[in-house]
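So the sequences go chain by chain: A and B. When you line the first sequence up against the numbering used here, it's residues 5 to 232, in that order. When you line the second sequence up against the numbering used here, it's residues 325 to 813, in that order.
In short, the hints are calculated from the structure, not lab data. Check before you lean on any hint, since a few could be wrong.
What the hints assert, rightly or not - Restricting the straight-line Cα-Cα distance to at most 25 Å, the calculated cross-link-like pairs of lysine-lysine (PhoX-like) are:
#, chain 1, residue 1, chain 2, residue 2
1, B, K374, A, K184
2, B, K809, B, K374
3, B, K424, A, K159
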Amino acid sequence: MRRIIAIALLAIIVMGISLAVREIPFGKTDTKVGEYYLNEGREETGAANIVTSVVVNYRGFDTLGEIAVLFTAAIGLGAVFGSRKKRKVAEEVEKSSLIVYTGCRFLFPVILLVGAYIFIYGHLTPGGGFQGGAVVASAFLLMYLTCRGKRVRDKSNKVVESLGGLIFVGMGLVGLVIGKGFLFNFLPKGEFLTLFSAGIIPIIYIAIGFKVGAELAGVLDNLIEESK
Amino acid sequence: MVNPVLLIVVPLALAFAVPLFGLISKKIVKFLPVVALLFNLIVSVMLLPKVMEQPIHVFIGGFSPPFCINLVAGPIGILFSVLIALVGLLVSVYALGYIKEGAIEKYHILYLLLITGATGVVLTGDIFNLFVFFEILCISSYSLVAYLGNKAGIESAVKYLLQGALGSSLILLGIGLLYAKYGTLNMADLAGNIHSIKSFSNFLPLVLLVTGLGVEAAIFPLNAWLPDAHSSAPSSISAILSGIAIEVGLYAVVRVVFTIFGASSFLVFLLFLGVLTLLIGEMSAFSQNNIKRMFAYSSIGQIGLILFALSIATPDGVSAGFFQLISHTLAKALLFLAVGYMIYRTGSMDISSLEGMGKKMPYTSLAFTIGVLSLVGMPPFIGFPSKLMIIRAALLKQETLFTVLVVLVLIATVIEGAYFFRVIQAIYFRGEKSEKKREGAPLSALIPLFIFVGLIVVIGVYPKLVTNFLDSTASELLNRLDYIKGVIG
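So here's chain A without its partners, still in its complex pose (with noise of 0.2 Å):
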């Protein structure tokens, strides 16, 4: 009986959903917002990746929230683990080979400038501060993997992660002072496709790069202390 009053609540959501959906003209090009990012997204932001604009400079408080979002998850994962009792064992950690070893120290330095580039780079490439993040905190997972035993320094990591968010505020802030309003993108906008353009941009991008790729070590660092 069960079943088939939910099959019959099923039926009825997914036909309302497809009457729903079938009125909606997804994927038009011509939607208003986004036509007007295209066209007048280089002019007014000076960065090449129009995405890149959106996210940090038409929409920046959605990404200052969002990096929020990120804090908040692993600041709670750290209070939630930080509030258990740590079993103590003495652990007895078996050496990765030799070939593992060489060649995460190796590989080590090259993710973390891959990162870079794609954090720094993001207002002109596919690619920007979140990305970018990931890829510098995917180096720490290798790290964790292969060189046991080492940890990420808790203190720089949350220097950094703190500093990331505070200058990205301080960026907003400083529009507000000179009375622009709050993230104003208060910079000259420089020579179109370089690296010196697009204003606050890329020094946001070059923030939130820093501030997620700590913050991600950081998470990996609680859940690897936690799986032991």
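Fit chain B to the supplied structure of chain A, relying on the hints for placement.
Then chain B, alone, in the frame of chain A:
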């Protein structure tokens, strides 16, 4: 003039900065929420008289809407912001002494983020931005519920997380559909395009949004997480969850229904849902033996009552709804804070363990009693004028339906009175009289408690202090066109 964006940015920046302060000294960390909230309270109170005449619109990034994210600091937004800052401040003062174990630094970060999220939700004028702040609010609540790290806490946090995450995905889906159809995320711009909810492509996003937001607002039948979460969280967090988080959820529901969709035909449904939530909440509360669970169910009931009042959708009804919201926030935060130290002393949440508290903790018990009386709706406390206003607004409609619903509301109030007086009886009239060991709550708890008591009594005696502001909140919610014009021009 102070920019309302600071109400969001300052707590957020301090949350980011907490680890840095933590490196300097572990002791100053716990004062940061107090500083942030004091700032928020002062700024919001300063803005309050201004926005009553003219809402302040903030365009972030210096672009014009709908291409930027905008904040609408109208009467509702700032009224909520005052309430959040006030309750948040008092709870953070309480937490100075109350939170002693666990990852204290992380507690304060999450607390600041919770405040940021709540303030962001009530001030933003952009539906996706609302979602982002909503997520900050929800995720910090999940982790704070699990803060104590005991089995009950983790279990209820996971329960809360699963339901909340499902709700959030529904919200996102609804926003996606709206964006696909109208190509904009600005709430005023959306409202200007949506003329009726008759077409399915408008109705579905409305349903998705109300369902998703309704999880946090604890509207029946989406509230299964609440009794567990509110009862197993630390009491300071229970206070903020019951006093702020669910109210902000309800605000989001109401904003979506009234402003974005202008869905007057949907209101009858919410009217019934409100009364149903009220009756179920109060009846469940009646059969509880755990004091915090009883309060949690009572919060569900109160949310139902507020939803009922707001759904009457007359200026009187909406004013009454917001008044009831304020009165519930003050009383319920007071109750959770008061009971926090009682539980701390006895080590049990059973109502029977509160016996004799009237002697052992006289001041806390007094504050507790005033909170209870206000919640039930006794004069001269704030609960009396707010409940009276609801009844009056419903009866002014002069329809049989409303008369019947009012009778149901009154029945629920009687149930509420019955179980709360059981608790008062336990505190004052049961237990051994010979016990004379007094061990009251510390000053950092008593000060916030008695500020709450003061507010409850003063507003109860002079309801005009609040009702003056409520008229413009009602007109903001009911005059959709003014809202649209204010943003889009």
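Now the hints, each set against the structure:
Restraint check for K374 (chain B) and K184 (chain A): satisfied, since their Cα atoms lie roughly 21 Å apart, inside the 25 Å limit. Taking the CA atoms of K809 (chain B) and K374 (chain B), the gap is about 18 Å. The hint holds against a cut of 25 Å. With a C-alpha separation of about 22 Å, the suggested pairing of K424 (chain B) with K159 (chain A) holds against the 25 Å cut-off.
When held up to the earlier numbered hints, the structure conflicts with none and fits them all.
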